[in-house]
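Those protein sequences? They're chains S, U and W, same order as listed. In this text, residue positions in the first sequence follow my numbering: the first is 1, and each later residue adds one. In this text, residue positions in the second sequence follow my numbering: the first is 350, and each later residue adds one. In this text, residue positions in the third sequence follow my numbering: the first is 699, and each later residue adds one.
Worth flagging that the hints you see were computed from the coordinates, not collected in a lab. For clarity, every value in this text was computed on a predicted model and none was experimentally measured. Among the clues, some could well be false.
Subject to a maximum C-alpha distance of 30 Å in a straight line, what follows is the list of computed BS3-like cross-link-like pairs (lysine-lysine) [as the list claims (entries may be wrong)]:
(1) Lys654(U) - Lys273(S)
(2) Lys787(W) - Lys89(S)
(3) Lys85(S) - Lys892(W)
(4) Lys89(S) - Lys1021(W)
(5) Lys434(U) - Lys211(S)
(6) Lys654(U) - Lys366(U)
(7) Lys310(S) - Lys971(W)
(8) Lys653(U) - Lys275(S)
(9) Lys667(U) - Lys695(U)
(10) Lys660(U) - Lys273(S)
(11) Lys1000(W) - Lys375(U)
(12) Lys194(S) - Lys215(S)
(13) Lys601(U) - Lys1000(W)
(14) Lys971(W) - Lys305(S)
(15) Lys249(S) - Lys438(U)
(16) Lys249(S) - Lys679(U)
(17) Lys601(U) - Lys787(W)
(18) Lys33(S) - Lys737(W)
(19) Lys653(U) - Lys624(U)
Calculated Cβ distances over 10 Å to all of chain U for the following chain S residues [what the hints assert, rightly or not]:
(20) Asn8
(21) Ser116
(22) Lys144
(23) Lys188
(24) Asp272
(25) Leu284
(26) Tyr296
(27) Leu298
(28) Glu300
(29) Lys305
(30) Lys311
(31) Gln326
Beyond 10 Å from chain W on every Cβ pair, some chain U residues (computed) [as the list claims (entries may be wrong)]:
(32) Arg522
(33) Asp684
(34) Gly687
Just so you know, even glycine gets a beta-carbon here, dropped at the ideal spot from N, CA and C.
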Amino acid sequence: MNSLVDLNDFSLDEIEKILEKAFEIKNCPERFKNAMEGKILATLFFEPSTRTQFSFQTAMYRLGGHTIGFSNSLNSSVSKGEDLKDTIKIVSGYADIIVIRHPLEGAAMLASLFSSCSVVNAGDGGHLHPTQTLTDIFTILEYKRQLFNLTIGVCGDLKYSRTVNSLVEFLNRFKDNKFVLISNEDFKLSGALKENIEKKGNTFIESSSLKDSIKDLDVLYMTRMQKERFEQNQNKKEDLILLNEEILKFAKSDLAIMHPLPRTKEIDSLVDKDKRAIYFDQALNGVYVRMALILYLLEEEKEKKEMKEKKEFVCENKNCITKTEQYLPKYFREDENGVFCEYCGKMVN
Amino acid sequence: MNSLVDLNDFSLDEIEKILEKAFEIKNCPERFKNAMEGKILATLFFEPSTRTQFSFQTAMYRLGGHTIGFSNSLNSSVSKGEDLKDTIKIVSGYADIIVIRHPLEGAAMLASLFSSCSVVNAGDGGHLHPTQTLTDIFTILEYKRQLFNLTIGVCGDLKYSRTVNSLVEFLNRFKDNKFVLISNEDFKLSGALKENIEKKGNTFIESSSLKDSIKDLDVLYMTRMQKERFEQNQNKKEDLILLNEEILKFAKSDLAIMHPLPRTKEIDSLVDKDKRAIYFDQALNGVYVRMALILYLLEEEKEKKEMKEKKEFVCENKNCITKTEQYLPKYFREDENGVFCEYCGKMVN
Amino acid sequence: MNSLVDLNDFSLDEIEKILEKAFEIKNCPERFKNAMEGKILATLFFEPSTRTQFSFQTAMYRLGGHTIGFSNSLNSSVSKGEDLKDTIKIVSGYADIIVIRHPLEGAAMLASLFSSCSVVNAGDGGHLHPTQTLTDIFTILEYKRQLFNLTIGVCGDLKYSRTVNSLVEFLNRFKDNKFVLISNEDFKLSGALKENIEKKGNTFIESSSLKDSIKDLDVLYMTRMQKERFEQNQNKKEDLILLNEEILKFAKSDLAIMHPLPRTKEIDSLVDKDKRAIYFDQALNGVYVRMALILYLLEEEKEKKEMKEKKEFVCENKNCITKTEQYLPKYFREDENGVFCEYCGKMVN
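Chain S extracted, bound-state conformation (with noise of 0.2 Å):
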């Protein structure tokens, strides 16, 4: 069964293949509207994220499908004192395709490993969120109509945010892209992902003045502060870089200013009325983009990704699924810069 678990684990090839169909579906949703009849999407969210679910729900709605699903573990009896692997298996008889949400950092990976039926990853602690990743990517190109030779501003917090790391990550396989990393000096981008942006022959500056950075870009992508952050530095005010009409004033016209939402406070509200603000479309973006990550995970074949047990390793991220699924096989990958778990991606010291 194909799962969506990693973005890296999907070839440019397939993903263009899922774009493409998302160009089609928003182009032409009325032809897709039975593809999915009789099938069922189960929403596994063992943390609340009311807007993700509701993204699939749209997406498997408007393909003609049914849903099932729980939006919060503590008000579930699921996996009280039940392997997380017997849950899975279990829905997995159920439904068509799992869309797992969960704290822990690997969890969608061992879904995959136990699933029946298809898996998707809709954030497993602060490791992955492909399905935004690919929303962003998306929505780049249908503003852009490239996704090379770009200059591209992210904003915010940049060391936290998973979705800014992947898309920086994902835009880094194509050539002639400028990041501006606009940040301050406590929320900056890993060193390990500035060096592959260098690795890539692509370029980096960075900044802590959005007014300063935002003329040249062609993209603007804003996120939230961390709230868990945030709340212990209340008085910190400067942290916030905020996005308003004056600052727009020295920006491109055709900048498309983009952030995954929810928004706190980073851009001003009265921005929204700017044809250049296309966050809500962005996030409408969401359900095109999942409705063609469902017909591609339940119609096409993909080869399925190969795994190596190293038993003499052990995952120290706390945080790790392994943590507490003690009965799962050891999987580790090796490359260059050393060993990493297979589930949660950290390194192994």
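Mind docking chains U and W on chain S? Use the hints.
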């Protein structure tokens, strides 16, 4: 996009059309079973109201559509640190119609301002609940064949019950109606509404005895005490005006006994078997009326209400949605009685 | 309206019809995909049971129907200050079939008394859970092709597990069955049920060792310890009777290993790969059986059970629904063993 926020925004002509459609549906539901095929209704219930939510969901399913939604914002991630406006903008991208219930007055109007799809008010604090009133009117029409020249008893909590207030207000649009207001001293109908009855040439009498008043009634609309209120005065058993078989002996043979439900103790359950007790039919009618409303909003053309912004005014109602959502334009309306907040309907001092 | 409250209200003939329909559906689900088009199933879960709820929802969707419902009455406004009877009356106006789960014994029978649509008992306290038993029987039939002349081991908590008790009771309707009751001292099957086995001419033996008893078994039905009970005696590790690969070496090659799930630790997860482990198939069968049941209840004619009111009796069971819902008629039945409450099934002293 057409919305139903306040029944007063609809002409009698429009309401008649909706009710006619509801009768048509009740007579032949089969004909409408695919009317909303492929469409999505979102139930955004920021406070739980299971019956109302079920009623809307059932209506949408009986029309062949789908639903998404939540039943309690505490279990949802929606609106945590996000403006209500953003939630509405995102969800209205996914859905074809939004049904909103919210503890703050004016929330449904806010939704109608920012939504890109139709909005229905399913209760905004103590303010309005127009689909309940539509259901009540439909039921009276069904059993009495007319909305004029009726003797209507309303009994129980006439002060706090928004359904009683809406119903009296609506029936006061028709001539030769006589209102019998049955309540204890602390739960009397507001003076303003009593004045309006007289202004329109209708009449009312007040009573504290259901037994004495029941004999002339064509309709008896019972309501429960607001629990909050009741528990404070738990020793005041006399607050409860009870309808039982004994009292019913004095009533007309074609009395229509109604109740918006849930009831607590104000109607003895032995009354349920009396053929004059139509409150469960009334509940079921709610589905037909909501089916008709959905069809009306999505299929008919309606003129948009015009708003007037008055920057010099501030609404003082602490339960008004303008208190928490501060980006809202300051809409007020003026008439001979004063200036009113367009969101919560309260007068500005 | 037909309801399933207690499997004992169904004749073997009726049960056979349901199981035959379930096999028919499993063989060709496609044929039934529109059987419930336009129909609504309501899942009223006054306590959470995610798997059971998913199973019913999936069944309804696979038949082309819709569902409404809640998964936990704490998040719902249903039954706050309202009689359960009123909730049932209202919801049965909306839905075509109600599935109820409730912490109190007899709640499903209450629902069947007041509902204007069919009702299915999905668990009423520790009392009954008939669709689990139907699923178990279906699975045994599928793997063993017969329900007589079997050696059936039941292992674990034989005292508190309602599924074990129902299954043994049901299989005891057939001849030449031998029951092997495997448990620790504190968790033995009730004396009354053991007497019934002998009365019917079947046999049983008791054992505290799974290893010693497994070799003759055709079916092994494992159950988990009731957590509540287990936690009180947490030092008693010996309470757990474990099935693992080692013990399985002594079993027949065509043993059917079953479990109602969720399991906790009583079956080692390495057993999952053994082809004799059929508990996940059993869970999936629950969907086919529930599909068949829904069709049976809505499409067949069934005689209504007759009730006898005995005003002189009072049920003393503190978990009986008659304790909270005091308007209930006092239904009791009598046989040679005594007088029993019709709601919770307990004997009246």
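Name the hints, by number, that the structure is in violation of.
2, 3, 4, 13, 19, 24 and 25
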